[in-house]
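Residue-level listing of the chains:
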Amino acid sequence: MNAAIVEGLTKAIGRAATDLPNDVVRALEAARDREEGPARVQLEAILKNVEVARDGAVPICQDTGTLTYFVKFGVRFPLLGELMEALTEAARAGTEAVPLRPNTVHPFTGANPGDNTGAHIPAVTWEPVDGDAAEVYVLPKGGGSENCSALKMLTPGAGLKGITEAVVEHVVSREGKPCPPTVIGVGIGGGADVAMKLGKRALLRSVGSRHPEPKVAEMEERLETLINASGMGPMGLGGKTTVLAVHIEYAHRHPASLPVGIAVQCWADRRAAVRIGADGQVSHLG
Amino acid sequence: MDKVLNTPISENDVRQLHAGDVFYVTGQIFTARDEAHQMMLEHGEPFPVEGLPLFHCGPVVRKSGDQWELLAGGPTTSVRMEQFEADFLKRFRSRVIIGKGGMGEKTLAALSEVGAVYTHFTGGAGALAAQAVTKVEGVHWLEELGIPEAVWVLQVERFGPLVVTMDAHGRSLHAELAAEVAENMKRIKAQIVG
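Quick note, the sequences are listed as chains A and B, same order. Residue numbering for the first sequence follows this note's numbering, beginning at 1 and increasing consecutively. Residue numbering for the second sequence follows this note's numbering, beginning at 1 and increasing consecutively.
One thing to keep in mind: the hints can contain errors.
What the hints assert, rightly or not - Think about it this way: if two alpha-carbon atoms lie no more than 27 Å apart in a straight line, the pair counts; the simulated BS3-like pairs of lysine-lysine are:
| hint | chain 1 | residue 1 | chain 2 | residue 2 |
| --- | --- | --- | --- | --- |
| 1 | A | Lys215 | A | Lys240 |
| 2 | B | Lys135 | A | Lys48 |
| 3 | A | Lys152 | B | Lys186 |
| 4 | A | Lys215 | B | Lys186 |
| 5 | A | Lys72 | A | Lys48 |
| 6 | A | Lys161 | B | Lys189 |
Hints are computed from structural coordinates only; laboratory data are not their basis.
My request is simple: use the sequences and hints to build the entire structure.
Here it is in structure tokens:
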């Protein structure tokens with residue numbers, strides 16, 4: 001076991017659980033400033049909550065989520081075995097240290113090991129890249145918003161209009177359940193599994209960022225405008241801000257398929273990232 | 001000046017509240033999710049809850065010595081309790097429900113009948129809720145139900161903001177907003193297709 005990697009990852013889990021990224025805070029502040037009535041009351045409470053959690057180093061939300069990692073590892077990264085072990089060990093250590101709510105339940109027996117680990121959990125997506133370092137992105141994913149994620153297998157004839165309609169309709173139909181204002185990750189193409197994974201991966205992007213391709217960026221902006229025109233608002237109590245952002249990622253699709261994965265993230269868009277050098281040194285990425 | 005209600009909350013207190021009002025609670029509240037609702041309906045209340053706000057919440061807690069500490073405790077999605085809530089209110093007369101997302105027609109009817117309100121606490125605001133908890137007074141059915149589902153009895157000081165979204169006069173902001181959003185959606189869909 002590599003103690004430095006475990007410690008670095010445990011700290012990142014703690015940071016994700018207690019300290020909301022600045023890009024999300026800025027988006028929430030902008031939302032507060034344009035809202036009034038119950039919507040403003042909700043956003044003021046959210047921002048106060050963020051401050052209380054950050055100052056006291058306590059979890060932002062009692063649902064500290066399912067630990068989800070996206071790992072970009074250099075093909076020459078020498079500590080892959082250590083990193084694999086450390087991802088699980090950090091979940092255990094973080095459960096004690098932060099603390100996190102024990103959120104892993106055996107689907108057949110109902111047993112909860114109490115340490116946020118279990119079959120396939122923490123959920124890890126491995127992505128080989130060039131180089132000799134690794135980057136680990138920690139995404140603790142809450143259950144309320146995850147329950148609002150969905151897959152739509154559209155017909156290719158539905159086209160971009162069909163995607164727009166499906167995403168807007170789905171997000172608005174979830175009302176206050178995912179704790180809006182939400183961040184929506186949309187994965188288009190690939191196949192059912194690829195679309196869902198791309199949707200979740202899109203949640204790693206900073207709120208306010210745009211896809212580098214203008215056509216995709218334009219659709220992100222249009223989806224935000226259309227969803228926010230619904231009036232559903234913060235916590236589904238009415239208002240101008242139902243989503244903080246929509247992020248899209250795509251893969252090429254089969255000629256006969258148009259899968260659309262919709263990953264829904266609550267306002268507590270908790271993220272943290274670390275870089276692990278070839279020497280095992282862990283540094284804070286964000 | 002923020003409105004603060006002290007527990008136990010009376011029927012008269014809640015009948016004066018209207019959809020859209022915002023208030024805070026000081027006194028004793030208790031948590032109950034799906035399993036605790038079932039447990040109370042089967043076995044009765046573990047302590048007298050009349051007039052005490054019922055909080056839909058599964059908290060993060062930590063025990064130091066003999067004393068529990070609540071670290072984060074925002075609301076969970078209330079509609080899961082819809083199947084139990086009308087019976088629960090009639091039997092235990094809790095008067096104030098604290099949750100998120102609103103509840104259905106059966107609960108709305110029970111609110112008028114019993115004299116109770118449904119209030120919305122900001123989802124995810126677990127740290128803010130914890131800050132208002134001055135003491136964990138006790139816990140019931142911890143062994144049987146586990147931490148998130150157990151009944152936690154909490155002493156709170158200015159717990160809120162609580163927005164009344166379903167009142168004892170038959171008004172539900174959730175239902176009203178749903179109608180408004182449905183209208184907006186017709187326009188939005190026309191825009192997409194056009």
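Is the Cα-Cα distance between Lys215 (chain A) and Lys186 (chain B) 27 Å or less? Within the cut-off at roughly 26 Å; holds.
Straight-line Cα separation of Lys135 (chain B) and Lys48 (chain A) no greater than 27 Å? holds (21 Å)
CA of Lys152 (chain A) to CA of Lys186 (chain B), is that 27 Å or under? holds (21 Å)
Compare the distance between the alpha carbons of Lys161 (chain A) and Lys189 (chain B) with 27 Å, and conclude whether the hinted pair is satisfied. Holds, at roughly 10 Å.
Hint consistency between Lys215 (chain A) and Lys240 (chain A) [alpha-carbon to alpha-carbon, up to 27 Å]: Within the cut-off at roughly 25 Å; holds.
Hinted pair Lys72 (chain A) and Lys48 (chain A), Cα distance within 27 Å: violated (34 Å)
Hint compliance for this structure: hint 5 alone is broken.
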